[in-house]
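A.B. asks: Sequence:
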Amino acid sequence: TSTRQHDPGIEAAAERAANSAERRAGPFTLGGAEVRIGTAGWTDPLLTRAGAFYPPGTSSAEERLRYYSSRFAFAEVDATYYALPARQTAELWVERTPDDFVFDIKAHALMTGHPTETKRLPKELRDALPKDLAAKARLYATDLPPELMERVWELFKDALAPLDSAGKLGAVLLQFPPWFGPSRENAASLLATRDALRPLAVSVEFRNPAWFEGRTGDRTVEWLTEHQVPLVISDTPPGTPQSVPRRAAVTTPSLSIFRLHGRRSETWAKKGASVAERFRYLYDEKELQEVIPDIADAGREAKRMHIVFNNCYGNYGTTNAMELFALFWERLKVEDADSGS
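No gaps in the numbering here: position 307 of the sequence shown is 307 in the working numbering, and each next residue is one more.
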């Protein structure tokens, strides 16, 4: 694939978006599912750059979210992976978005086996750390005294309560690291994480392809179905040791989630690659058309579906989200015409 085709620059992507932006990409019905399309975040510095996505003069946090939610009815929040959210922030998100808007929230790093930067922990937790831990640059959940980890769960759930009570919380995304492979111990850990987040709904995304290899793949789907945990269907760059196959399975009818990460294989598993390097990929129309059958199949089994563009380099995610919505809109119009409604 040519670089120019999949990395044409922010101006070219903005032109493409203009051709698809006739209407808000609001919730629509596909099969039996209520479908929402959006992006992972709305404040990327390149996205907020003049001419990328926001109208001139849209400079405050409030103006950006109000504009974003006038274009989409869904967003995924990834900032919560890096730092525990604040309840006041969630209250503002509720206030600044329309009634039909929904957020998926990424679980904090400590909840899914990743390390976190010690300095990013809330002051209350930093002050309570034993001296040797406070001096470390990064910490894992296993490093923390149990009562402090318990407090992490409490703070996270309390912060999201305003979204949950307003009916604007979709699911907490549990994205497990590449070293989290299929094992009884990890399966138990996943369920413990789900239980610790109750009553909030969760979804799970694996970054280790072994979960989907051979018979293990069938067992993974059966196990998630048995325990009613929604599987995140990932579209990842092909041909790398960390490429996860797109297993289009609905493991619980309550929710199905697609996350599209772009297909930039050369940097996907590259050590030390920046977020921009890994996700700097604009899908073309043929690639978007390719994922539609999987989405349509899932729509026949799920009640709700969230489609997340995580190729968040500049406006690539927002452009592809608008384009995919436009493709579905055309398809639904054709179906309506065919059915004579």
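Simulated from the structure, these hints should not be mistaken for lab results.
These numbers come from a predicted model, not from an experiment.
Hints are supplied without guarantee of correctness; some may be wrong.
[Unchecked claim] Each computed DSBU-like pair below joins lysine-lysine, with the alpha-carbon atoms no more than 30 Å apart:
#: 1; residue 1: Lys157; residue 2: Lys119
#: 2; residue 1: Lys157; residue 2: Lys168
#: 3; residue 1: Lys136; residue 2: Lys123
#: 4; residue 1: Lys303; residue 2: Lys286
#: 5; residue 1: Lys168; residue 2: Lys303
#: 6; residue 1: Lys303; residue 2: Lys271
#: 7; residue 1: Lys157; residue 2: Lys286
[To be verified] Restraint-style ranges between C-beta atoms, simulated for each label pair:
#: 8; residue 1: Ser274; residue 2: Asp132; range: 44 to 52 Å
#: 9; residue 1: Ala210; residue 2: Ser254; range: 23 to 31 Å
#: 10; residue 1: Pro177; residue 2: Lys131; range: 26 to 34 Å
#: 11; residue 1: Ser70; residue 2: Pro115; range: 50 to 58 Å
#: 12; residue 1: Lys333; residue 2: Ala273; range: 15 to 23 Å
#: 13; residue 1: Arg4; residue 2: Ala128; range: 35 to 43 Å
#: 14; residue 1: Arg246; residue 2: Pro177; range: 44 to 52 Å
#: 15; residue 1: Glu266; residue 2: Pro130; range: 17 to 25 Å
#: 16; residue 1: Ser183; residue 2: Pro122; range: 30 to 38 Å
We put the beta carbon where it would ideally sit given N, CA and C, even for glycine.
A.B. asks: Next step is simple, just say for each hint if it's right about the structure.
C.D. replies: Hint-by-hint comparison with the structure:
no.: 1; hint: Lys157 - Lys119; result: holds (21 Å)
no.: 2; hint: Lys157 - Lys168; result: holds (14 Å)
no.: 3; hint: Lys136 - Lys123; result: holds (15 Å)
no.: 4; hint: Lys303 - Lys286; result: holds (27 Å)
no.: 5; hint: Lys168 - Lys303; result: holds (16 Å)
no.: 6; hint: Lys303 - Lys271; result: violated (38 Å)
no.: 7; hint: Lys157 - Lys286; result: violated (40 Å)
no.: 8; hint: Ser274 - Asp132: 44 to 52 Å; result: violated (31 Å)
no.: 9; hint: Ala210 - Ser254: 23 to 31 Å; result: holds (27 Å)
no.: 10; hint: Pro177 - Lys131: 26 to 34 Å; result: holds (28 Å)
no.: 11; hint: Ser70 - Pro115: 50 to 58 Å; result: violated (37 Å)
no.: 12; hint: Lys333 - Ala273: 15 to 23 Å; result: violated (40 Å)
no.: 13; hint: Arg4 - Ala128: 35 to 43 Å; result: violated (52 Å)
no.: 14; hint: Arg246 - Pro177: 44 to 52 Å; result: violated (19 Å)
no.: 15; hint: Glu266 - Pro130: 17 to 25 Å; result: violated (43 Å)
no.: 16; hint: Ser183 - Pro122: 30 to 38 Å; result: holds (32 Å)
Comparing the model with each earlier hint shows violations of hints 6, 7, 8, 11, 12, 13, 14, 15; every other hint is respected.
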